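> Fit chain X to the supplied structure of chain V, relying on the hints for placement.
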Amino acid sequence: MSMLRGFLILVLFFLIGEALRLVFLIPVSGGVLGMILMTLTLMLRGKVSDALASASQALISVLVLLIMPGVVGVFFMASQFSGQWLAVSAALLLGTFLSVLTTLLLMKQMVRLSARSRAND
Amino acid sequence: MTELAGRFMAIPDVLSASPIFAIGLTLSAFFAGNWLFARLGKPLWMPPVVLSAVMLAAVIAVLSLDYVRYQEGALWITVLLGPATVALGIPLYQQIHHIRAMWKPIVVTLPLAATMAAVYAVVIAWAMGATPEVLASLAPKSVTAPIAIGITEQLGGSVPLMMGGLLITGVVAALFVDLLAQWLKIDDERIVGFALGLNGHAIGTARAFEISHTAGAFASLGMGLTGVFTALILPLVFRL
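Chains as they are written, first to last, in this note's numbering: chain V, 3 to 123; chain X, 1000 to 1239.
Same shape as in the complex, but just chain V (with noise of 0.2 Å):
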């Protein structure tokens, strides 16, 4: 029951996110939008109730499960991007090989200078 009540709060959220990007024609999905709603109001409030911690442990731990309709279509699609995919195949590996190298040395050092920033403050 409380649960529930936790799930009904995530799915009003959701559709004012989708509310808003309607109205505003936001190119941001209404999931995203409402998700930086819920930590503002949070924010705002300063607590979280037991039912809406609930319901969203519950959701992020079958995150995978959710996604997982979406992922099979791969095996279903139709071949007319053959030829292209040696040069797909060598931009998704590397592309994420290098992008993966670049967000964590640049958090690294930054990191690092605001640390030593401070530490002079």
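Everything labelled a hint here was simulated from the structure, so no lab data went into it. Incorrect hints may have been included.
Claimed, not checked - Derived lysine-lysine pairs resembling DSBU-like cross-links, with alpha carbons at most 35 Å apart:
1. V:K110 to X:K1103
2. X:K1184 to X:K1103
3. X:K1184 to V:K110
4. X:K1103 to V:K49
5. V:K110 to V:K49
6. X:K1041 to V:K110
7. X:K1041 to X:K1184
The structure displayed is predicted, hence computed values, not measured ones.
Same frame as chain V, now just chain X:
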């Protein structure tokens, strides 16, 4: 007797008309994938999502079910992705003190890293002779699915190809983050989590929650910010 056999053979066809069949199939594959993952000793390069998806695809193919019909039934599961994305706001709020302490590195890293995630892939594919349609499908590869679908449609790419790219990106991002973090001697869960969410969207975020709550919160943050930033920037850049 042949009548009985005929009715028996018709079972998949009749049952698959109801969404509950797609739900049962997806749930079974989900648990089977997790079970197999544990049995294999939790290999990083073969996450449960891949194992489950392969099994699910095999069952659909063997029963010769209509994929589009499966997809319609499975909508009962996929629509939950919306509220689940909203749910990511809760760990985000619970970790807000960590995020406040890190806002400077995040503000600097995010625009650069999110842009590069798209640029690397597009430039490599372009140099190897990929068509504009393929480039448009690869550009949002680090963005969470619901946002990425919108971006791909706007750029004129193929959604199924984009979803495939998304899956591979998520899996290899989780793998590369683990490898490179070890190599660069980064043990800060906040950095690892952020990199997982930024590069590996929902799959990376799911992996980050396996590491810790803090890593998961930073992954949610990285995923959300990358999605918002890419959705705003990519259509502008692609016009050039």
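> Against the structure shown, which of the earlier numbered hints fail to hold, in ascending order?
The structure breaks none of the hints.
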